[in-house]
Amino acid sequence: MRLEATALAALGVAFDHILSSPLVRARQTADIVAAGGSASTPVAIPVTDCDALAFDGTPGDVREVLARYPDATSIALVGHEPNIGELASALTGCRWPLRFKKGAVCRIDMTGNHHGPPGELRWFLTPRMLRIIGRSATVGETAPAPTVASSDLRR
Numbered sequence: 003m004r005l006e007a008t009a010l011a012a013l014g015v016a017f018d019h020i021l022s023s024p025l026v027r028a029r030q031t032a033d034i035v036a037a038g039g040s041a042s043t044p045v046a047i048p049v050t051d052c053d054a055l056a057f058d059g060t061p062g063d064v065r066e067v068l069a070r071y072p073d074a075t076s077i078a079l080v081g082h083e084p085n086i087g088e089l090a091s092a093l094t095g096c097r098w099p100l101r102f103k104k105g106a107v108c109r110i111d112m113t114g115n116h117h118g119p120p121g122e123l124r125w126f127l128t129p130r131m132l133r134i135i136g137r138s139a140t141v142g143e144t145a146p147a148p149t150v151a152s153s154d155l156r157r
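FYI, in this note's numbering the residues of the sequence shown are 3 to 157.
These are computed hints drawn from the structure, not numbers from a lab.
Each pair of labels, with its calculated beta carbon distance range: (1) 40 with 103: 16 to 26 Å; (2) 40 with 130: 15 to 25 Å; (3) 137 with 70: 33 to 43 Å; (4) 70 with 141: 38 to 48 Å; (5) 98 with 140: 27 to 37 Å; (6) 27 with 61: 18 to 28 Å; (7) 72 with 25: 24 to 34 Å; (8) 137 with 62: 34 to 44 Å; (9) 101 with 18: 25 to 35 Å; (10) 141 with 62: 41 to 51 Å.
Quick caveat, the model's predicted, so the values are computed rather than measured. Even for Gly, the Cβ is constructed at its ideal location relative to N, Cα and C.
Assemble the whole structure, with the sequences as input and the hints as a guide.
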């Protein structure tokens, strides 16, 4: 996950806040992302445990939590399959859940409030893609510039 978080940082992906399932592995992942992949960097992005992202949470529960952050422009959500795929589907209006392998990241742009029209899936990066970018970033190569603003789930 450190390579994947390094890749996100190299691509300029930044978050105002990170909401994480309270389960241990999800919280560890959120902390790594908050630190930009560095084991020694103090966590600068606020990470909050969010019960709605645990296994019994629903997309509606997550939307209610997101509504508590009206000023945030970029919020990362760290959760578990199949819930996170179902959430991404609900937020984008897709008919079928998106499949997330461990460490996959997508960006969904939301307009207005979280109960409004569906968001737009802007990109989806697999763990393998992120590890390749992360390795390039750690050896000093320049990663390609993102073509869109960065976020996991953007409002």
